[in-house]
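Peer 1: Chain residues, written in single-letter form:
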Amino acid sequence: MPGWHNATKELRENGELVILGVVQEQHAERARLYAQWKQFDWPVVQDQMTSIGIGVVPVAILIDEYGIVQNTRPRSNLIKKLVAKKRNPPKTTAPMLENNDAQPLPTLTPDSSVENLVLLGDEHMKNGSAEKTISAYSRALKSAHVTTDQSVKKLVPAINFRLGVAYREKFDFGNGRSPEDFATASQYWTTACESNPNQYIWRRRIEQYGPRNIKPYPFYDWVDQAIADITARGEKPVELKVALAGAEIAQPSKKIIAGDSDAVNPDPESKIELVDSKRPMIRHLSTVVPSHVTAGETVRVHLQLFNGEGAKWNNESTPMQVWINDSTTGTPSQQLVEWADTNESTSDETRTIEFEYQTKEDTESVRLTGFVLANVCSDSDGQCLFRRCNFEIEIPISK
Amino acid sequence: MGKKHLVKTMLQNRTNTCILIISLILACDPGAALAQTGSVASSYKPVVGQPHPDFSLPNIQDSSRIKLSDYRGKKVLLLHFASW
Numbered sequence: 546m547p548g549w550h551n552a553t554k555e556l557r558e559n560g561e562l563v564i565l566g567v568v569q570e571q572h573a574e575r576a577r578l579y580a581q582w583k584q585f586d587w588p589v590v591q592d593q594m595t596s597i598g599i600g601v602v603p604v605a606i607l608i609d610e611y612g613i614v615q616n617t618r619p620r621s622n623l624i625k626k627l628v629a630k631k632r633n634p635p636k637t638t639a640p641m642l643e644n645n646d647a648q649p650l651p652t653l654t655p656d657s658s659v660e661n662l663v664l665l666g667d668e669h670m671k672n673g674s675a676e677k678t679i680s681a682y683s684r685a686l687k688s689a690h691v692t693t694d695q696s697v698k699k700l701v702p703a704i705n706f707r708l709g710v711a712y713r714e715k716f717d718f719g720n721g722r723s724p725e726d727f728a729t730a731s732q733y734w735t736t737a738c739e740s741n742p743n744q745y746i747w748r749r750r751i752e753q754y755g756p757r758n759i760k761p762y763p764f765y766d767w768v769d770q771a772i773a774d775i776t777a778r779g780e781k782p783v784e785l786k787v788a789l790a791g792a793e794i795a796q797p798s799k800k801i802i803a804g805d806s807d808a809v810n811p812d813p814e815s816k817i818e819l820v821d822s823k824r825p826m827i828r829h830l831s832t833v834v835p836s837h838v839t840a841g842e843t844v845r846v847h848l849q850l851f852n853g854e855g856a857k858w859n860n861e862s863t864p865m866q867v868w869i870n871d872s873t874t875g876t877p878s879q880q881l882v883e884w885a886d887t888n889e890s891t892s893d894e895t896r897t898i899e900f901e902y903q904t905k906e907d908t909e910s911v912r913l914t915g916f917v918l919a920n921v922c923s924d925s926d927g928q929c930l931f932r933r934c935n936f937e938i939e940i941p942i943s944k
Numbered sequence: 007m008g009k010k011h012l013v014k015t016m017l018q019n020r021t022n023t024c025i026l027i028i029s030l031i032l033a034c035d036p037g038a039a040l041a042q043t044g045s046v047a048s049s050y051k052p053v054v055g056q057p058h059p060d061f062s063l064p065n066i067q068d069s070s071r072i073k074l075s076d077y078r079g080k081k082v083l084l085l086h087f088a089s090w
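Sequences listed follow chains A and B, in order.
Residue 546 is where the first sequence starts when you use the numbering used here, and the numbers rise one by one after that.
Residue 7 is where the second sequence starts when you use the numbering used here, and the numbers rise one by one after that.
In isolation and in its complexed conformation, chain A is listed as follows (with noise of 0.2 Å):
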């Protein structure tokens, strides 16, 4: 884009052409923090369900003064010529929206076709309500998969793309949002994948997330080399809600590393005390990208580990590690992973771990398993504990 950027500034200066960006990303102001590094002076919108039904980007577009395509491959250095043609009126003038912003939003009725419950959708999470987003599209989804109509069949997809960017955007953001709210948006993206594959930027969520074998490139490897810039412009740089680590910067690598082939099981005889499964100190959950897949494949793994009720994790002692047992099965990027400590004595954030799993090409079933060794305090009587809390990983394989 920033060659469009340049090719076309003599022309927008004048007031011949204007640019409008549609970016189809999950976060806005990730593309805002690319626009002010680049010094973008047009506006971008965001598609984050991507409403319009572009499969794949960069796409330009040039469209008349009429609302008429009048290139669809224009190139860079033809842009003056194309934009100096005359047009003529068309017979018909292309239909344009009424102004709905300030319209309140209609409530759902057991009569809302699956259509207008997907644009209800759509204009729930543009007003920032994933959870009424989600309602909608899940009302939708059920619709559609029991309808004759073959022509609201064919919206299933579309659907199940959705509830993956509403579900992502609850866990990131959403009221009441749940660790399990990043599996099941990997789980519609997985099957929205599954029914379109030529749709590019669905794939791309799954890619974002995913194994660095599947990865086309690094997807925010650029931010740190944007935020150095524009602090050296003296210009305070757009502040990203979701901080991104793991999967979102990792670089692409079609083999799998298992860097740590000598890594040493800290705890083979179970001799650490586990944690009370009444109470427990430690919980994890998991999520897996993509949500299966055949056997041969890699996934990778986000291993959330959150505190219990009234714990927090003690920072003081020694460093948080988690171990991914032997199995038969496949092989895992790295067995042994320790979490660097933060400043403070406490804490009680999320903590996510990423590994990569492939998969045998004649296994029938993974389930992983493997421990975490963490010390832990409790907010009732001040005590601090070393605890081991075990997990199970199930990778589903398709047959």
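Among the clues, some could well be false.
Stated by the list, open to error - Here are some, though not all, of the chain A residues that point toward chain B, as calculated from beta-carbon distances under 10 Å:
id	residue
1	Val563
2	Gly566
3	Trp582
4	Trp587
5	Pro588
6	Val602
7	Leu607
8	Val628
9	Asn661
10	Lys671
11	Ala685
12	Asn743
As the list claims (entries may be wrong) - Listed below are the simulated DSBU-like cross-link pairs for lysine-lysine, each with C-alpha atoms no more than 30 Å apart in a straight line:
id	chain 1	residue 1	chain 2	residue 2
13	B	Lys80	A	Lys583
14	B	Lys80	A	Lys631
15	B	Lys73	A	Lys677
16	A	Lys630	B	Lys73
17	A	Lys630	B	Lys80
18	B	Lys80	A	Lys636
19	A	Lys625	B	Lys73
20	B	Lys80	A	Lys786
21	B	Lys73	A	Lys631
22	B	Lys51	A	Lys583
23	B	Lys51	A	Lys636
24	B	Lys80	A	Lys905
25	B	Lys73	A	Lys781
26	A	Lys698	B	Lys80
27	B	Lys73	A	Lys799
28	A	Lys687	B	Lys80
29	B	Lys80	A	Lys677
30	A	Lys554	B	Lys51
31	A	Lys671	B	Lys73
32	B	Lys73	A	Lys944
33	B	Lys80	A	Lys554
34	A	Lys786	A	Lys857
35	B	Lys73	A	Lys816
36	B	Lys80	B	Lys51
37	A	Lys699	B	Lys51
38	A	Lys554	A	Lys631
39	A	Lys781	A	Lys583
40	B	Lys80	A	Lys671
Keep in mind the hints are simulated off the structure, nothing from the lab.
Each residue gets a CB set at the ideal place from its N, CA and C atoms; glycine is no exception.
With the hints as your guide, set chain B onto chain A.
Peer 2: Just chain B now, with coordinates in the frame of chain A:
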């Protein structure tokens, strides 16, 4: 009453009936009002000479809505991209 006037009255009545039916449909399905202002396109391929569907989407800077048709009367270069 002349024949011409009678036909005109009948056409007017038919138009009124159509408007009434459309209004009832809209009242039954509140989402229908939105259907007029958006689409659930699962895929779109722009075609030269065809109108580009209008859309209303949030500006990444301040979440205010921008419609493609806000720029009617000007040539627009629509750039679909991602920062990733």
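Peer 1: Work down the list of hints and note, for each, if the structure agrees.
Peer 2: Each hint tested on the structure:
1. Val563: Hint holds; A:Val563 Cβ to chain B Cβ min 5 Å, cut 10 Å.
2. Gly566: Check passed: Cβ of A:Gly566 comes within 5 Å of chain B, closer than 10 Å.
3. Trp582: Hint holds; A:Trp582 Cβ to chain B Cβ min 9 Å, cut 10 Å.
4. Trp587: Since chain B brings a Cβ to about 9 Å from A:Trp587, closer than 10 Å, the hint holds.
5. Pro588: Cβ of A:Pro588 sits 6 Å from chain B, so the hint holds.
6. Val602: 5 Å, holds
7. Leu607: Result: holds, 6 Å to nearest chain B Cβ.
8. Val628: Status holds, d = 5 Å.
9. Asn661: 3 Å, holds
10. Lys671: Hint holds; A:Lys671 Cβ to chain B Cβ min 5 Å, cut 10 Å.
11. Ala685: At 9 Å from the nearest chain B Cβ, A:Ala685 passes the 10 Å test, so the hint holds.
12. Asn743: 8 Å, holds
13. B:Lys80 - A:Lys583: 24 Å, holds
14. B:Lys80 - A:Lys631: 12 Å, holds
15. B:Lys73 - A:Lys677: With Cα atoms ~23 Å apart, B:Lys73 and A:Lys677 stay inside 30 Å; holds.
16. A:Lys630 - B:Lys73: With a Cα-Cα distance of about 24 Å, the restraint between A:Lys630 and B:Lys73 holds, given a limit of 30 Å.
17. A:Lys630 - B:Lys80: 13 Å, holds
18. B:Lys80 - A:Lys636: Holds: B:Lys80 and A:Lys636 sit about 18 Å apart, inside 30 Å.
19. A:Lys625 - B:Lys73: Holds, because 24 Å separates the two Cα atoms, which is no more than 30 Å.
20. B:Lys80 - A:Lys786: Violated: B:Lys80 and A:Lys786 sit about 35 Å apart, past 30 Å.
21. B:Lys73 - A:Lys631: Distance ~24 Å between B:Lys73 and A:Lys631 Cα, so the pair holds.
22. B:Lys51 - A:Lys583: 28 Å, holds
23. B:Lys51 - A:Lys636: 22 Å, holds
24. B:Lys80 - A:Lys905: 57 Å, violated
25. B:Lys73 - A:Lys781: Holds - the C-alpha atoms of A:Lys781 and B:Lys73 are around 29 Å apart, at most 30 Å.
26. A:Lys698 - B:Lys80: 38 Å, violated
27. B:Lys73 - A:Lys799: 42 Å, violated
28. A:Lys687 - B:Lys80: 42 Å, violated
29. B:Lys80 - A:Lys677: 37 Å, violated
30. A:Lys554 - B:Lys51: 27 Å, holds
31. A:Lys671 - B:Lys73: Holds: A:Lys671 and B:Lys73 sit about 13 Å apart, inside 30 Å.
32. B:Lys73 - A:Lys944: 45 Å, violated
33. B:Lys80 - A:Lys554: At roughly 16 Å apart (the allowed maximum being 30 Å), A:Lys554 and B:Lys80 satisfy the hint.
34. A:Lys786 - A:Lys857: Holds - the C-alpha atoms of A:Lys857 and A:Lys786 are around 24 Å apart, at most 30 Å.
35. B:Lys73 - A:Lys816: Cα-Cα ~63 Å, so violated.
36. B:Lys80 - B:Lys51: Judged against 30 Å, a Cα distance of about 22 Å means the pair holds.
37. A:Lys699 - B:Lys51: 17 Å, holds
38. A:Lys554 - A:Lys631: 20 Å, holds
39. A:Lys781 - A:Lys583: Judged against 30 Å, a Cα distance of about 14 Å means the pair holds.
40. B:Lys80 - A:Lys671: 26 Å, holds
Of the hints listed earlier, those the structure fails to meet are numbers 20, 24, 26, 27, 28, 29, 32 and 35, in rising order.
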